[in-house]
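Join these two chains into a complex; the hints should help.
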Amino acid sequence: MRATHTPDTGAATGGLRQAMAWLHTWCGLWFSWLLFAVFLTGSLAVFEEPITHWMTPEQHAEEAAEEAARASLPATAPVAGRAQRLAHASDYMTQHHRSKDMWEIWPADAEGGGELKVYWFDEQHLYAQAKLDANTGAPQPLLPPKVPARGTLGGQHFVDFHYNLHGGTLGLWIVAIAAMVMLLALLSGVITHKRIFKDFFTFRPKKGQRSWLDAHNAVAVLSLPFQFMIAYTGIVFTATTYLPAGVWAHYGNDAGVHLRYTTELTTPGLQPRSGRPLAVPALEPFAAQAVALTGQPVRAVVVDHPGDASMRISVYGWNDPKGLVRRMSDATGMVAFAPDGRVLQLRLPGGSADGSASFVSQVMSNLHMAGLGGWPMKWLFFLCGLAGTAMMGTGAVLFMVKRRNKSLREFGGRTAQVYRCIEALNIAAITGLAVACIAYLWANRLLPLMIDQRASWELRVFFGVWLVTLVHAWLRPPRAAWRVQLWTLATACLLLPLLNGLTTGDHLVAEMARGDWESAGVELTSMAFGLLAGWGALLLLRTGKAVQPRRTAHPSLGSAGERP
Amino acid sequence: MNLQLSTALALTLAYAGMAGLCMAMERHHEQVTGRRDVSIRLRWVLRLSAGVLLLASLRVCIDGWGSGVGWVAWLGYLTTGALLVVGLWAWRPRLAMGIAVTGGACSLLVFVLACQSSAPA
Numbered sequence: 001m002r003a004t005h006t007p008d009t010g011a012a013t014g015g016l017r018q019a020m021a022w023l024h025t026w027c028g029l030w031f032s033w034l035l036f037a038v039f040l041t042g043s044l045a046v047f048e049e050p051i052t053h054w055m056t057p058e059q060h061a062e063e064a065a066e067e068a069a070r071a072s073l074p075a076t077a078p079v080a081g082r083a084q085r086l087a088h089a090s091d092y093m094t095q096h097h098r099s100k101d102m103w104e105i106w107p108a109d110a111e112g113g114g115e116l117k118v119y120w121f122d123e124q125h126l127y128a129q130a131k132l133d134a135n136t137g138a139p140q141p142l143l144p145p146k147v148p149a150r151g152t153l154g155g156q157h158f159v160d161f162h163y164n165l166h167g168g169t170l171g172l173w174i175v176a177i178a179a180m181v182m183l184l185a186l187l188s189g190v191i192t193h194k195r196i197f198k199d200f201f202t203f204r205p206k207k208g209q210r211s212w213l214d215a216h217n218a219v220a221v222l223s224l225p226f227q228f229m230i231a232y233t234g235i236v237f238t239a240t241t242y243l244p245a246g247v248w249a250h251y252g253n254d255a256g257v258h259l260r261y262t263t264e265l266t267t268p269g270l271q272p273r274s275g276r277p278l279a280v281p282a283l284e285p286f287a288a289q290a291v292a293l294t295g296q297p298v299r300a301v302v303v304d305h306p307g308d309a310s311m312r313i314s315v316y317g318w319n320d321p322k323g324l325v326r327r328m329s330d331a332t333g334m335v336a337f338a339p340d341g342r343v344l345q346l347r348l349p350g351g352s353a354d355g356s357a358s359f360v361s362q363v364m365s366n367l368h369m370a371g372l373g374g375w376p377m378k379w380l381f382f383l384c385g386l387a388g389t390a391m392m393g394t395g396a397v398l399f400m401v402k403r404r405n406k407s408l409r410e411f412g413g414r415t416a417q418v419y420r421c422i423e424a425l426n427i428a429a430i431t432g433l434a435v436a437c438i439a440y441l442w443a444n445r446l447l448p449l450m451i452d453q454r455a456s457w458e459l460r461v462f463f464g465v466w467l468v469t470l471v472h473a474w475l476r477p478p479r480a481a482w483r484v485q486l487w488t489l490a491t492a493c494l495l496l497p498l499l500n501g502l503t504t505g506d507h508l509v510a511e512m513a514r515g516d517w518e519s520a521g522v523e524l525t526s527m528a529f530g531l532l533a534g535w536g537a538l539l540l541l542r543t544g545k546a547v548q549p550r551r552t553a554h555p556s557l558g559s560a561g562e563r564p
Numbered sequence: 565m566n567l568q569l570s571t572a573l574a575l576t577l578a579y580a581g582m583a584g585l586c587m588a589m590e591r592h593h594e595q596v597t598g599r600r601d602v603s604i605r606l607r608w609v610l611r612l613s614a615g616v617l618l619l620a621s622l623r624v625c626i627d628g629w630g631s632g633v634g635w636v637a638w639l640g641y642l643t644t645g646a647l648l649v650v651g652l653w654a655w656r657p658r659l660a661m662g663i664a665v666t667g668g669a670c671s672l673l674v675f676v677l678a679c680q681s682s683a684p685a
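Residue numbers (the numbering used here), protein chains in the order written: chain A, 1 to 564; chain B, 565 to 685.
None of these hints come from the bench; they were simulated from the model. Just so we're clear, the structure is a prediction, and the values are computed from it rather than from any experiment. One thing to keep in mind: the hints can contain errors.
Covered stretches of chain A (chain B as the covering partner; in silico rule of three or more C-beta atoms under 8 Å from a C-beta of chain B) [what the hints assert, rightly or not]:
| hint | stretch |
| --- | --- |
| 1 | 202 to 209 |
| 2 | 326 to 339 |
| 3 | 382 to 390 |
Each pair of labels, with its calculated beta carbon distance range [stated by the list, open to error]:
| hint | chain 1 | residue 1 | chain 2 | residue 2 | range |
| --- | --- | --- | --- | --- | --- |
| 4 | B | T597 | A | L172 | 47 to 55 Å |
| 5 | B | S681 | A | R70 | 55 to 63 Å |
| 6 | A | Q271 | B | V616 | 57 to 65 Å |
| 7 | A | Q453 | B | Q568 | 53 to 61 Å |
| 8 | A | A528 | B | V616 | 27 to 35 Å |
| 9 | A | R70 | B | Q568 | 20 to 28 Å |
| 10 | B | S681 | A | A245 | 32 to 40 Å |
| 11 | B | Q568 | A | A357 | 42 to 50 Å |
| 12 | B | R599 | A | Y242 | 38 to 46 Å |
| 13 | B | Q568 | A | A19 | 47 to 55 Å |
| 14 | A | V468 | B | Q568 | 41 to 49 Å |
| 15 | A | Y251 | B | V616 | 24 to 32 Å |
| 16 | B | I604 | A | L172 | 49 to 57 Å |
| 17 | A | A110 | B | S681 | 26 to 34 Å |
If you only want the chain B side, here are some residues facing chain A, beta carbon under 8 Å, derived [what the hints assert, rightly or not]:
| hint | residue |
| --- | --- |
| 18 | L612 |
| 19 | G615 |
| 20 | V636 |
| 21 | A637 |
| 22 | T644 |
| 23 | V649 |
| 24 | V676 |
Note that beta-carbon positions come from the ideal geometry of N, C-alpha and C, so glycine has one too.
Just chain B, with the same shape it has in the complex (with noise of 0.2 Å):
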């Protein structure tokens, strides 16, 4: 993976955990949905996407920056992710998670076809 593709997918899969995490909340989910009330289960579903788009998150930035320098750059993604989802969500939420779970899941893919392709044969 080289650097940009590296970062495109840091980013999509730290801002569509982050979304996760956001629609989990009840003041958050009744912008997108109109409905207060998020059934425990659906919030846990969320907030277990969420881990695991954020864990692919920071599994790109080790794969592309090491394990020293891709923390940092984990951290830095999910701060950027996290504004993104602020900003969005106050203006637009329903396209600020219509955004995250089409960027999730294609960076999702994406991830796991890299992940395929450079596990030894």
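Bound conformation, chain A alone (with noise of 0.2 Å):
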């Protein structure tokens, strides 16, 4: 393959050419600290679900007995079918809460079985909630568990800092405005390389700002269509928070507006309220038709405004996990139903009711949370997300490198003071942040269970690990804070399923033994995460053995398009 860049004739392509360099360099930098810890977050965020599980072990035996009694009781026990259900939880709603907006009914699992359960907003407009029984149609109190619960966030922690930095929406438009600028930084990334076919499999190790330009290349290069799709998904995902003129022309801006905006995107057609009394129809009919339609068995009914002549019964499916890998979106079927029978709308599984602009919206959420194709997919999104995290981090310790030998001065007498801020960032944003969330891992298994706000605390640590890094890398030299810090990310990766042992008495073993893929799982990536921050001390121990640097480059290999 040969480059595929016009030929450099003159001053305007290097001038152009240059522009880019300035650009990627400067959007990189600045970015490159938020960018590196969005990222790593991110990708720990596509496990979401296994780290809550490992972070929840008091929930692990309850799981286990509920997923032995429901392997247990089909053969035996009679199981009430869902038309019998149904009636219940209407029955119950209509006696307790009549006068409620929303009726929300989730009357058995994929199979038919398990719980039955119902949901209505309260007076402060949360969700509120009860459990029947499946057969009695009497309300079952919701059991305080016998363990104390683990106050925790769990792996919604990466979730939430990923997109919001925990910083609500102001959060969220520093994150968008960031990835704004990664599309920038690609972008001119992309320009300015020369020699991105003939540099297309090149690393090369062991020499120095070399090797790390190399790695910066490849990684960026090669994982390059999923660093564009995640970034656009990522902007598109939110983009009505930060660009709310055309919510704002329709609804205006006052404060219901979000909820207006919310509640007719979810349910159109929806009519308001007309006051005349109509009693809710038996809802039996309905699902067995949305069966019919939809081909899903039925995970919730939805009545909205019900005892109301504008009634709507809305029934979702549940989905098929195999189905699931095969598609775009991950929109279950749903069909509206007006309360004569009438169908008002109609979405089949992984389809949408309302057009094709809301499907390409689903499916580029559905695509941000790799949503799709089951967990080879997810384990795909996990690797991209790393080699974009490497992306960040190695431009950022590039440009250091590039500079420790030889100052380019930008920042006139002061360009020392800037430069040791910069390698300090550069510390506590890449080793610092890593540091920082094992630390958040340590801190759910050595917190007490009893202290207020435990949730809080676990965050509390995570940030303050993560301001003691900072603190480190600035008062100690970068290269002893580097050392330092990859060695303690090293062993607290490693020690993980040490402290879990000594603290819960679980151990990888016997999460193997017993399949709990998620635990081990967990583990074993953390394990693997220590070793790669072992090795990289490893290396700096050995790269500081040398004298000098090593700073020419191969002799065969020519002048190779350098980028700042």
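As structure tokens, this is what we get:
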């Protein structure tokens, strides 16, 4: 393959490339620290559920017991049918929550067994729920758990942090701007890269700056489709939050806008209450028709405006995990009915009931969240996310490596001090954040169960440790700081299974033996990170022993396109 | 084909294809054989075989994940395959090429057998 760029014919091309190099350097530098954090936590967020599972060990026994009960049940005990379950739920809601704006009934699991639950919004507009006995319809008290639950955000922390830094709308804006800058840096990076095809497979280890540039190029170029996709879908995902003009133009910008907007988006065609009473009809015929139309078992029946002539009954289906693997959108089947049985809206599984725009938006969010393709896709997203993380990290390090021996004096007389700041920020942003992430898992096991606001304390440990790494990076000479933080990271990651064993009595072999691959996966992945960090520390030790870093490029390779 | 088999095949085929493209480049050819001059003919043979392997990988993805998700999966395997090539080639180029040849040949065989067994009689 030849380099497919236009030949360097004159100043214009060189000028463009230089301008792009400048853009790439400075966009890259100022945002790489934030983007490194977004990418590392975002990659971990792919495995939100396994991480949450690992962080709530008290529930493992309960889950196992439920699983066993479910496995032994269908053969022996009679299970109440769907019609009976829906009737019980409807009776309960009519008796106790007649005036609510919305009833939500979850009659059964995908196999038709399991729990019967009802939900509604209470006076504070928060979800409230009750569990009913499927056979008698009697409400069951929600038992307090036998063991005190471990207050934790679990894997949700990584999800939240990666898109809003736990900083609400302001955080979301900051991340969104960073993502836009990232698109700019990707584009300018591709334009600057003179030998994108010639160096496609090139990585020359142990050559100092050369190796950093090679690594930066390789991880970026080879994972480019993913990086564009993830940044773009991430921006589109929350677009109405920072591009609110469209919503404002239609709805105005008073306080209730967002609620009205989301209501209309999720329940299109719902008429305002008419004031004419109309009893809630038997729900089973609606459920049966929905099953016939979508081919999915019933997951939930939602009744909007129950008891009013404007009533609307929507039936949602359960997705079949096998079918989900081949679908771009994870939307379930849905049928919305008028109370007389007319079909108002039909959405087939994986389709859209309201046009291609909403379908595209569905697909983009699903793509961003790795909700398609089953577990192989989750791992691909995780690995590509780590490639993105490495792209940010190597880029930030490269900036300093290039300047360590020869100052480019970009900041005049203060250049040395600014370089020192950048070096410290590099350390805290890269190894510091990684140490903070593993510290978050350690905090989950070490913080006492009974303290107030335990979940917030876990977060405080995360941010506290991160701050400590920044102070450490600032106080210690850079090389020593890198080394100490890498060893800390390696140790903390490698010892995670031991910590788990000491605090909960569970261990890796037992997890694998009983098929708990979520827990085992978290610990094995942590150990892999530990080995990687240890390897990094060893490399640092070895280059430290060499008196002078090797700076000359391999003579036979010619002058490669260097980038700042 | 189940997800495990699709994953194994798609990844190995993508890796082998990427290794073929890599082998067609002078610098990387030299790392394996010690000779820098690669004849135009050999170069094109390598590229064509690489193309066949990559297309086979695409076919595995589309069979396993459907025509929408399959493309997404394929891009993912291309990236992982190429990153593996780069990583292995830097330290053990001969081993990397060895894995590519044996892995590529085996997966291609399994792929052809799977295609034949799934084709209507």
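C-beta pair R70(A), Q568(B): status relative to the range 20 to 28 Å that was hinted: holds, 26 Å
C-beta pair R599(B), Y242(A): status relative to the range 38 to 46 Å that was hinted: Given range 38 to 46 Å: violated, Cβ gap about 56 Å.
For the pair A110(A) and S681(B), does the Cβ-Cβ distance stay inside 26 to 34 Å? holds, 31 Å
Assuming the hint says 55 to 63 Å, is it satisfied by the Cβ distance from S681(B) to R70(A) or not? violated, 36 Å
When the least beta-carbon distance from G615(B) to chain A is tested against 8 Å, hint result: violated, 12 Å
T597(B) versus L172(A) beta-carbon gap, inside 47 to 55 Å or not: For L172(A) against T597(B), whose Cβ atoms are near 53 Å apart, the range 47 to 55 Å holds.
Close enough to count: is the Cβ of V649(B) nearer than 8 Å to one in chain A? Holds, because the Cβ-Cβ distance from V649(B) to chain A comes to roughly 6 Å (cut-off 8 Å).
Return the status of the interface hint for V676(B): holds when the least beta-carbon distance to chain A is below 8 Å, violated otherwise. violated, 22 Å
Hold the hint about A637(B) up to the distance rule: shortest CB distance to chain A must be less than 8 Å. holds, 6 Å
Holds or violated: 53 to 61 Å for the Cβ distance of Q453(A) and Q568(B)? violated, 43 Å
Verify the coverage statement for the stretch 382 to 390 of chain A against chain B, using a C-beta to C-beta distance below 8 Å and requiring 3 or more qualifying residues. holds (count 3)
Between the beta carbons of V468(A) and Q568(B), is the distance compatible with 41 to 49 Å? holds, 43 Å
This entry does not satisfy hints 5, 7, 10, 11, 12, 15, 18, 19 and 24, going by the numbered hints stated previously.
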